[in-house]
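Use these hints to put chains B, C and D onto chain A, whose structure you have.
Number of protein chains: 4
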Amino acid sequence: MNDLSTFPVIVNQVIAWGDMDAYQHVNNAMYFRYFESSRMAYFTKMGFIRARTADLDVGPILAHTACTFLKPLVHPDRVEVGCKIAKIGNTSFVMEHAIISPKLGLVAKGEGVVVCFDFNKNHKIAVPDDMRKRIQEIEGRSF
Amino acid sequence: MNDLSTFPVIVNQVIAWGDMDAYQHVNNAMYFRYFESSRMAYFTKMGFIRARTADLDVGPILAHTACTFLKPLVHPDRVEVGCKIAKIGNTSFVMEHAIISPKLGLVAKGEGVVVCFDFNKNHKIAVPDDMRKRIQEIEGRSF
Amino acid sequence: MNDLSTFPVIVNQVIAWGDMDAYQHVNNAMYFRYFESSRMAYFTKMGFIRARTADLDVGPILAHTACTFLKPLVHPDRVEVGCKIAKIGNTSFVMEHAIISPKLGLVAKGEGVVVCFDFNKNHKIAVPDDMRKRIQEIEGRSF
Amino acid sequence: MNDLSTFPVIVNQVIAWGDMDAYQHVNNAMYFRYFESSRMAYFTKMGFIRARTADLDVGPILAHTACTFLKPLVHPDRVEVGCKIAKIGNTSFVMEHAIISPKLGLVAKGEGVVVCFDFNKNHKIAVPDDMRKRIQEIEGRSF
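Chains as they are written, first to last, in my numbering: chain A, 1 to 143; chain B, 144 to 286; chain C, 287 to 429; chain D, 430 to 572.
Chain A extracted, bound-state conformation (with noise of 0.2 Å):
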């Protein structure tokens, strides 16, 4: 994988010196914060923030991530970060990330599991109608 066309929803990362740690390149949980940053673009994009009425909490929790370092990130330099939705369950959806270094390429590649919440009723809730669309809209296919 070269480019991050497959993937609707694009982050621009400056890498920040301070993302460095002591082994001089990026720690490992700051591709963490990467992959949020473009999660939180694609909640954005889908309208998925959570919203807290007095009669409705509903939100995403992300349950399972997971990242493969493939070749070390170090400062300076600018990296873009992709985010798609791979698959829709029952009550949830996985998220799939990459991140690509003008420089080196491929660096790093993820995922992410994000369940559909209900705060107020503390249980999981199926992925609504209108979100499913809306997925399949930004996606660009059908699931």
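Treat the hints as calculated values from the structure; they're not laboratory data.
One or more hints might be untrue.
What the hints assert, rightly or not - Pairwise CB distance ranges, derived in the manner of DEER restraints: (1) C:Q310 <-> D:T473: 17 to 27 Å; (2) C:Q310 <-> D:N519: 42 to 52 Å; (3) A:I138 <-> B:D273: 48 to 58 Å; (4) D:T520 <-> B:K214: 45 to 55 Å; (5) A:T91 <-> C:I335: 32 to 42 Å.
As the list claims (entries may be wrong) - With a straight-line Cα cutoff of 27 Å, these simulated DSSO-like cross-link-like pairs (lysine-lysine) come out: (6) A:K84 <-> A:K71; (7) C:K395 <-> D:K500; (8) A:K45 <-> D:K532; (9) C:K373 <-> B:K246; (10) A:K109 <-> A:K133; (11) B:K246 <-> A:K109; (12) C:K395 <-> D:K516; (13) D:K550 <-> D:K474; (14) B:K246 <-> B:K264.
It should be emphasised that the depicted structure is a prediction, and the values quoted were computed from it without experimental measurement.
Where is the CB? At the ideal position from N, CA and C, for every residue including glycine.
For chains B, C and D alone, coordinates are given in the frame of chain A:
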């Protein structure tokens, strides 16, 4: 799992107020910081700290990591983070992590794949024999 | 200053490996995280946690903070972080911080200016009388 | 101050969702990360990156830093972070920082004291003459 009795390395982690994000629970990236602290404690116990000498520069590389979030952590709390080695491969080994809160029980579990790397030659190396022995001593079993 | 005997609030802080940056000592921003942890412990002791009710939403705002770095901190280490209130003004109070490492002595000192804020009315308020009393109790002196 | 026209070094900073804390605005420690990014950009422009050779190991040490918070920053936003050198002393210089949000104006200002340090000899050194010249070139004035 209600205790960390199968984990030879356990670190205590105080949950800082600043570890929480705008959702008012501990941010997902912080779990990887907690895993890292337990991993570094294990490396210290193994004696597997990257050593750079004129001739040799061998150390660990984190190639993959994942976390499953079971319950949200909230400040104030203090947790125990366990680390064990579950598998030894040819050039890598697999670490497992678990985080237990006294009041919440098991809140997260995860894993990491660590590759033995020669930074001078810039490629993976076989897990050295003395390192295998040391891991088996720490784990109290043969692999 | 070799001890924190004049500080009514002290928190223990384990230095994480991941708190270090590419200069291989603790990153400057982490000292403000440590200060924050001691400040939050003081707020808890004062009972000054932002409370939102239908009528009232009063809480602290950090208006200014500073740190003087005396010696570099390196993992592994564990430090004590002291917090005291040095001055009470009309709408704010001044906190002082000190960080002591058992092996290094005083490694950093700092301060913070905390303003009492009414988030409903969106302006500063006078430090409430019961808060002044509580601070004087904690500090063991009158201001 | 509504612009950064007096700052010779300006870095663009996207506010990450994860930069916010449980108070749902950007955490105080992150402002020091933003300052650091502008400081490192200034060091790069100056050519003052710590260089370790067999004979010489001279670099910058941050001895003091402070921030005054004027308005809360909230994701999503993007800010400009300015860095200038305001004063050159014998063994140190003073940097000034300002953060401007296009929609909020000036949100924070701060400063840092940077000491020139010889890591081999383990003591401060005088600011080298060529460094003074370089700073005066960058600042466009003599000190």
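Cross-check of the supplied hints:
{"no.": "1", "hint": "C:Q310 <-> D:T473: 17 to 27 Å", "in the structure": "19 Å, holds"}
{"no.": "2", "hint": "C:Q310 <-> D:N519: 42 to 52 Å", "in the structure": "27 Å, violated"}
{"no.": "3", "hint": "A:I138 <-> B:D273: 48 to 58 Å", "in the structure": "52 Å, holds"}
{"no.": "4", "hint": "D:T520 <-> B:K214: 45 to 55 Å", "in the structure": "52 Å, holds"}
{"no.": "5", "hint": "A:T91 <-> C:I335: 32 to 42 Å", "in the structure": "34 Å, holds"}
{"no.": "6", "hint": "A:K84 <-> A:K71", "in the structure": "21 Å, holds"}
{"no.": "7", "hint": "C:K395 <-> D:K500", "in the structure": "25 Å, holds"}
{"no.": "8", "hint": "A:K45 <-> D:K532", "in the structure": "21 Å, holds"}
{"no.": "9", "hint": "C:K373 <-> B:K246", "in the structure": "38 Å, violated"}
{"no.": "10", "hint": "A:K109 <-> A:K133", "in the structure": "26 Å, holds"}
{"no.": "11", "hint": "B:K246 <-> A:K109", "in the structure": "35 Å, violated"}
{"no.": "12", "hint": "C:K395 <-> D:K516", "in the structure": "23 Å, holds"}
{"no.": "13", "hint": "D:K550 <-> D:K474", "in the structure": "26 Å, holds"}
{"no.": "14", "hint": "B:K246 <-> B:K264", "in the structure": "48 Å, violated"}
Taken one by one, the earlier hints fail for this structure at numbers 2, 9, 11, 14, listed in ascending order.
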